[in-house]
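Protein chains in written order, with the working numbering: chain R, 1 to 201; chain F, 1 to 201.
Just to be clear, a hint being listed does not mean it is correct.
Treat identical chains as interchangeable: a pair holds within one or across any two.
[Claimed, not checked] Below 20 Å or equal to it, Euclidean Cα-Cα: the simulated SDA-like pairs (lysine to any residue) are: (1) LYS135 <-> ARG63; (2) LYS135 <-> GLU200; (3) LYS135 <-> ILE192; (4) LYS135 <-> ASP47; (5) LYS135 <-> HIS170; (6) LYS135 <-> ARG89; (7) LYS135 <-> GLU177.
Keep in mind that the hints were calculated from the coordinates and are not lab data.
Protein chains: 2
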Amino acid sequence: MTVLLYDNSVSGNCWKVRQLLRLLDVPFDRRELSVVDRSGRDAVIGDLNPALRVPTVVLEDGRPLAESHAILWYFAEGTPYLPTDAYARAQVLQWLCFEQYDHEPAIAVVRFWVAISDAPRDPAEVEARRVLGRKALATMERHLSDRTFFVRDALTIADLALYAYTHVAHEAGFDLEELPAVRAWLARVTAIPGIVPMPEG
Amino acid sequence: MTVLLYDNSVSGNCWKVRQLLRLLDVPFDRRELSVVDRSGRDAVIGDLNPALRVPTVVLEDGRPLAESHAILWYFAEGTPYLPTDAYARAQVLQWLCFEQYDHEPAIAVVRFWVAISDAPRDPAEVEARRVLGRKALATMERHLSDRTFFVRDALTIADLALYAYTHVAHEAGFDLEELPAVRAWLARVTAIPGIVPMPEG
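Same shape as in the complex, but just chain R (with noise of 0.2 Å):
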């Protein structure tokens, strides 16, 4: 059985997991699931994945998997896209959990609201995020200052799972012009072969 992978073309979590598969040669078939009417999910990935999220992949076998980041795990596991070493891969894990916690509800929640849903929003909650968006931000600029990728010198699962929404960005309204740090290593992690950014053509 091929790879399953309940997907949505514009979400950059659904991103994350297409990214790591062509990078990893998986082949995986698609099932575009939509982020602006999720009516009937409980139907379809119900028993697949309790918080009724894409990306929801089912493995070869058969058995379900759910979250990104834990998708993104299990497939760079053995692969150079998450080290053996124990130290490194909690700095792994560390950015993946900021990204979830500090970048993802602020910076994909954003630009969900002004880009892709159409629901008219308080632009008072639209700015608190967008205040803890550039916050996020500002975190990743002062990592990167001296540093080529988030962890050791190459590109990680952490690199991918940043990159998912810093380099839609803009879409939410987001200015990266002061920060050099994170313009460089978007540009470093574009220029990777294989690393197809959205919009995918």
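For this one, chain R is given, so just place chain F on it according to the hints.
Relative to chain R, chain F alone:
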């Protein structure tokens, strides 16, 4: 050098780390940081954790590590609290992600607002987070309805991560009365020798 934990005694995120270190008999020193008055944090942990949050640990060799779940993963590796099978490990990580994305921002944040911090909050904002918290608890209830622990049939760091703010959810105004599987699981974890619920005596 002994492991050093930048800690807070009412933080569930810090509890996760203290609890695992105690289960593993890893000696550690604690340094208490306020979660209400965050002034001066940059001077104390700025070089250790770019996100300036507790828990932050300094390992025996002096290297820092941040994010409660990255710390759990690092110390649990090679112990019964993190399985060796790739799929079971991915399931543990899936629940760690769920805790951080769906559970903590709702239940821990409401608890902080109503039981720890004195800052006044918009009741509508509190109720919006309570809706998300009830949804997270319902997801747990569904998963636990035919299971003893979150992954397989033994305590893992997924249980510790979810126990942290679930066993004090009443402090945030959440009612577990209608969630028998969650209550049974809480009792099951509490009964394990070495588990010390908050507040610690």
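Hint check:
In this assembly of identical chains, LYS135 and ARG63 lie within 20 Å of each other by CA distance neither inside one copy nor across copies; the values are 38 Å within and 24 Å between. When the C-alpha separation of LYS135 and GLU200 is checked against a cutoff of 20 Å, the pair qualifies neither within a copy, at 28 Å, nor between copies, at 34 Å. Taking CA atoms no more than 20 Å apart as the test, LYS135 paired with ILE192 passes in neither setting, with 27 Å inside one copy and 40 Å between copies. For a Cα distance limit of 20 Å, the shortest separation of LYS135 from ASP47 across copies, 17 Å, qualifies, whereas the shortest one inside one copy, 37 Å, does not.
In this homomeric assembly, LYS135 and HIS170 come within 20 Å of each other (Cα to Cα) only inside a single copy, at 15 Å, whereas the closest approach across copies is 31 Å. Taking the closest pair of Cα atoms, LYS135 and ARG89 never come within 20 Å of each other, the shortest separation being 25 Å inside a single copy and 31 Å across copies. Taking the shortest Cα distances, LYS135 and GLU177 sit within 20 Å of each other inside one copy (15 Å), while across copies they are farther apart (39 Å).
When the structure is compared with the earlier hints, violations turn up for hints 1, 2, 3 and 6 and for no others.
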